[in-house]
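Asker: Sequence:
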Amino acid sequence: METVRDVTIKTGIEPSFLVETLTTDIELTDALFDLIDNSIDAARDKILSEHNVKFDDYGLPADYSSYKIILRFTENSITVKDNCSGFNEKH
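So that you can map any letter, position 76 of the sequence shown is 76 in UniProt numbering, and since no number is skipped, the others follow by simple counting.
No lab work stands behind these hints, which were simulated from the structure alone. Note that beta-carbon positions come from the ideal geometry of N, C-alpha and C, so glycine has one too. Honestly, I wouldn't trust all of these hints.
Unchecked claim - Listed next, the in silico EDC-like pairs over lysine to aspartate or glutamate satisfying Cα-Cα at most 20 angstroms (straight line):
1. K81 to D37
2. K81 to D56
3. K81 to D34
4. K68 to D41
5. K68 to D45
6. K68 to E50
7. K68 to D37
8. K46 to D34
9. K68 to D6
10. K81 to D45
11. K54 to D34
Unchecked claim - FRET-style restraints, in silico, Cβ to Cβ:
12. D30 to S77: 17 to 23 angstroms
13. N76 to D34: 20 to 26 angstroms
14. L48 to F17: 21 to 27 angstroms
15. T79 to S49: 40 to 46 angstroms
16. T79 to D41: 15 to 21 angstroms
17. Y58 to E14: 19 to 25 angstroms
18. S16 to F55: 41 to 47 angstroms
19. E14 to E50: 40 to 46 angstroms
Could you build all of it, start to finish, from the sequences and the hints given here?
Answerer: If you want it as structure tokens, here you go:
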């Protein structure tokens, strides 16, 4: 399994404002869900590139158990970590 690394995204917004707003501003919530969705898509693509993939009833990979998405909310930050290669920190 790959090591999960921190990726810091500078938004220009105070983290405390982001945390407070996240529960009331649907656009910010959608942005967070989009990051999670990107991680899931990246994990799916990696699984599909392997041999002997088992599929569920919807034609998607049946097992994502080796992939993790970790969300951490603190007073000063929101952290999204994954080992799915869903975000390229160089771009």
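Asker: Please go over all the hints and tell whether each is borne out by the structure.
Answerer: Outcome of the hint check:
no. : hint                           : result
1   : K81 to D37                     : 13 angstroms, holds
2   : K81 to D56                     : 26 angstroms, violated
3   : K81 to D34                     : 13 angstroms, holds
4   : K68 to D41                     : 12 angstroms, holds
5   : K68 to D45                     : 15 angstroms, holds
6   : K68 to E50                     : 18 angstroms, holds
7   : K68 to D37                     : 12 angstroms, holds
8   : K46 to D34                     : 18 angstroms, holds
9   : K68 to D6                      : 13 angstroms, holds
10  : K81 to D45                     : 18 angstroms, holds
11  : K54 to D34                     : 26 angstroms, violated
12  : D30 to S77: 17 to 23 angstroms : 19 angstroms, holds
13  : N76 to D34: 20 to 26 angstroms : 22 angstroms, holds
14  : L48 to F17: 21 to 27 angstroms : 39 angstroms, violated
15  : T79 to S49: 40 to 46 angstroms : 27 angstroms, violated
16  : T79 to D41: 15 to 21 angstroms : 20 angstroms, holds
17  : Y58 to E14: 19 to 25 angstroms : 41 angstroms, violated
18  : S16 to F55: 41 to 47 angstroms : 43 angstroms, holds
19  : E14 to E50: 40 to 46 angstroms : 42 angstroms, holds
When held up to the earlier numbered hints, the structure conflicts with 2, 11, 14, 15, 17 and fits the remainder.
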